[in-house]
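Q: Spelled out, the chains give:
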Amino acid sequence: MMEEYLKINSIRKTYGDKVAVDDLSLTVPAGSIYGIIGPNGAGKTTTIRMIMDIIAPDSGEVLIEGKKPDSDFKNIVGYLPEERGLHKKMTLEEVIVFFAELKGARRSQILSDIDPWLKRMSLAEYRNRKVEELSKGMQQKLQFVTTMIHKPKLIILDELFSGLDPINIELIKNILLEEKRRGTTILFSTHVMEQAEKLCDFICLINKGQKVLDGRMAEIKTRFGTDTIQVEMEGDGAFAADIPGVESFTEFNNYIELKLGDNADTQMILKKLSEKVKISRFEIVEPSLYNIFIDVARVDPTELNAGEVTNE
Amino acid sequence: MNKLWVIIKREYAQVVKKKSFVVGIVLLPVFMIVLTVVPSLLARKKPATSQQLAIVDLDGRKMGEKFAGKLERYKLDDSSLTYIVTDIYEIDPNDTTEYKAVRSRLDSALQSNKIKSYVVLFDDIVKNDSCIVVAKSFSFRTADRFNWAITRVLTEERLLESNINMEVDSVLNLTHRTVFTQMAPGEKQRNFEVMYLGGLFFVLIIFGTVIGYGQILMRAVIEEKNSRIIEVMVSSVSPFQLMAGKIIGLGLASLTQVGIWVVIGLGIYQFRGNLSISADISDVLFNPILIFFFVVYLVLGYLLYSTIFALIGSIVNSEKESQGFIFPITMTVMLPIILSMYIIQEPNSLIATVLSLIPFMTPTMMVIRLNIMSPTNFTFADPIVLQSVIGVILTVLTILGVIWFTGRIFRVGILMYGKRPTLPEIIRWIKY
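Which chain is which? The protein sequence lines are G and B, in order.
Under this note's numbering, the first residue of the first sequence carries the number 1, and numbering increases by one thereafter.
Under this note's numbering, the first residue of the second sequence carries the number 1001, and numbering increases by one thereafter.
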């Protein structure tokens, strides 16, 4: 077992009658990438705000390396909230220095780090321009720089991928993987399960303020067996749902995923499919996180429509 | 402490770099000069040129000529006459056609600026006082002089007609008007107008700073809340540090502004001789005890109200939503201006004393009272000094309370977006 870095002991938070987070416990191992995953309104942001000590839990506690966070804690965290914003009238350099100084860094230390970061984000030429001159996507990248510039030991990212295009998602993923190799602990929340699946070592699925499932990603996948088939094909595969032995059917962008019953015959399914459509890939795989979530949380997939949990 | 400083630095720089800051620095002294120096210069200025007038006399007893004679005592700097009578029309009161013709001729002369005014002295004016003056505009001074001149003419006529066995001139000397010279204790001249304007001037600085900077602060909080910057900030500093940093940063900016004004003011004081500002104005504006309390109350007023503005900013989602809260604040701060005529006459009345000890009104109320009472020694034997100190203590206690309350609300409010909360909801936030 890896050494634990962050531990949450049964925290609870209510707003009036509404329970936002209910008796949630989780353990984030040092140097891991940990994903808190769930639909909108599941309590992800509230949980993260309690970790950040922005709001206080009604009960329960948050421990960093086994201790209550002290006043220095805020300095070693890099936090990217779900709702983002920067001072529009300041230049990029001023904004970066300002947020770094708020983390206790010295201006002189930061100045030389600004250029490499901006270069990596393709923002180098904007260093002395005002934030308001940047596009929305550029501002997101700048915000990410302000989160990372002071070399945090713990990075907390709420809805990391919102507002980013695929190229920048790739860019930021690579940076996070580099940080992980350096031993940084990374905790993020998302409702985009496919992204989480590719990035996380550990996950915690939450729904309606409660933990549904947590643990090491690989273990969870194995635990949920290899009763899943992914098929890439030409044509409409919707009829596959009616093939005997197929328990559930999920359509992704360019493939379908079938969950099989206990005694399903994969060869028979392959045969039935190939009678009607041209198959380019037929693979027995681990179930997707999305399907695991649906399975474990026992939610009706139609409840998780647009804006809630998604596959892509 | 270090982080607080980072926020103070940013807030200060953001305000001081703005154009409006420089404009504000220039505008107030201009306003001050307009308020104090210009009226005194204008009031002292003699009319530069003489003005023409015509007289219509319907009385038939040479009243027009006598009136013209009385006006001859007013001279310009070059000792030429101030009022030049172009024509005296003596008309029979029954000849209305002639009268109407003359009036319309004079009206067109007025329109074409050939004359500045004309007076009509009606029939039997000695008995019925009936006279009019027609002009496009009157100066107070000219109106006053015309009134004096006609009064004098009529008084002389009446004395001659009466049976008083005395020289007309000596009777007039016996009955001339006497005026009190207003003095303050300690051989100081006082001037009602100057006291009024001086008090207003200090209150306006406090009012401008409190409302102006308070609203800048509130807008900044609303903007940071709307642009979601606040959440990034409170991940690095505590909400209380954030609030304190903003209040102090903007406060220092406002003190910079007032500091520059004080320097300008001292400059004006140095050259007061050249600018012909009377000694009583400088006495009012440069009483050290008054200046001391003014600065203290300026700072306290700012702290009190900027905290309240921070509170409002954290609760509302837009400036529009804040309007309902701002009105009562503006009224409270402005109350002394509305009541100033009363306070100046009764600075020690129970109402004035009580109002000035209500902390939300103390900064402005006490300053306007101090200005009128102008204490000369810092001694608690002087009730106004004692009350001012009590006012400071009460205001400080209130500020501490307001800061505590705002601190509790602020940390919740800044993260609440969307619907404007109700009062019970806000009260509940204290416990969060």
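A hint or two may mislead.
As the list claims (entries may be wrong) - Think about it this way: if two alpha-carbon atoms lie no more than 35 angstroms apart in a straight line, the pair counts; the simulated DSBU-like pairs of lysine-lysine are:
| id | chain 1 | residue 1 | chain 2 | residue 2 |
| --- | --- | --- | --- | --- |
| 1 | G | LYS136 | B | LYS1320 |
| 2 | G | LYS271 | G | LYS173 |
| 3 | B | LYS1075 | B | LYS1100 |
| 4 | G | LYS68 | B | LYS1075 |
| 5 | G | LYS271 | G | LYS211 |
| 6 | G | LYS136 | B | LYS1018 |
| 7 | G | LYS208 | G | LYS68 |
| 8 | G | LYS67 | B | LYS1017 |
| 9 | G | LYS89 | B | LYS1009 |
| 10 | G | LYS259 | G | LYS211 |
| 11 | B | LYS1114 | B | LYS1066 |
| 12 | G | LYS88 | B | LYS1075 |
| 13 | G | LYS271 | G | LYS221 |
| 14 | B | LYS1431 | G | LYS7 |
| 15 | B | LYS1009 | G | LYS151 |
| 16 | G | LYS119 | G | LYS153 |
| 17 | G | LYS119 | G | LYS198 |
| 18 | B | LYS1075 | G | LYS89 |
| 19 | G | LYS130 | B | LYS1009 |
| 20 | G | LYS119 | B | LYS1127 |
| 21 | G | LYS7 | G | LYS68 |
| 22 | B | LYS1066 | B | LYS1127 |
| 23 | G | LYS151 | B | LYS1017 |
To be verified - Computed list of chain G residues with no C-beta within reach of chain B, every gap over 10 angstroms:
| id | residue |
| --- | --- |
| 24 | GLU3 |
| 25 | LYS67 |
| 26 | LYS74 |
| 27 | GLU83 |
| 28 | LYS88 |
| 29 | GLU101 |
| 30 | LYS103 |
| 31 | ALA124 |
| 32 | ILE169 |
| 33 | GLY237 |
| 34 | PHE249 |
| 35 | LYS272 |
| 36 | LYS276 |
To be verified - Restraint-style ranges between C-beta atoms, simulated for each label pair:
| id | chain 1 | residue 1 | chain 2 | residue 2 | range |
| --- | --- | --- | --- | --- | --- |
| 37 | B | GLU1321 | G | ASP23 | 32 to 40 angstroms |
| 38 | B | SER1139 | G | LYS88 | 51 to 59 angstroms |
| 39 | G | LYS88 | B | VAL1022 | 56 to 64 angstroms |
| 40 | G | GLU65 | B | VAL1023 | 52 to 60 angstroms |
Since the hints were made in silico from the structure, they are not lab data.
From a predicted model like this one, the values you see are computed outputs, not experimental measurements.
C-beta: ideal position from N, C-alpha, C; glycine also.
Q: Which numbered hints are broken by the structure, listed smallest first?
A: Structure breaks hints 2, 4, 5, 8, 12, 18, 20, 26, 27, 28, 29, 30, 39.
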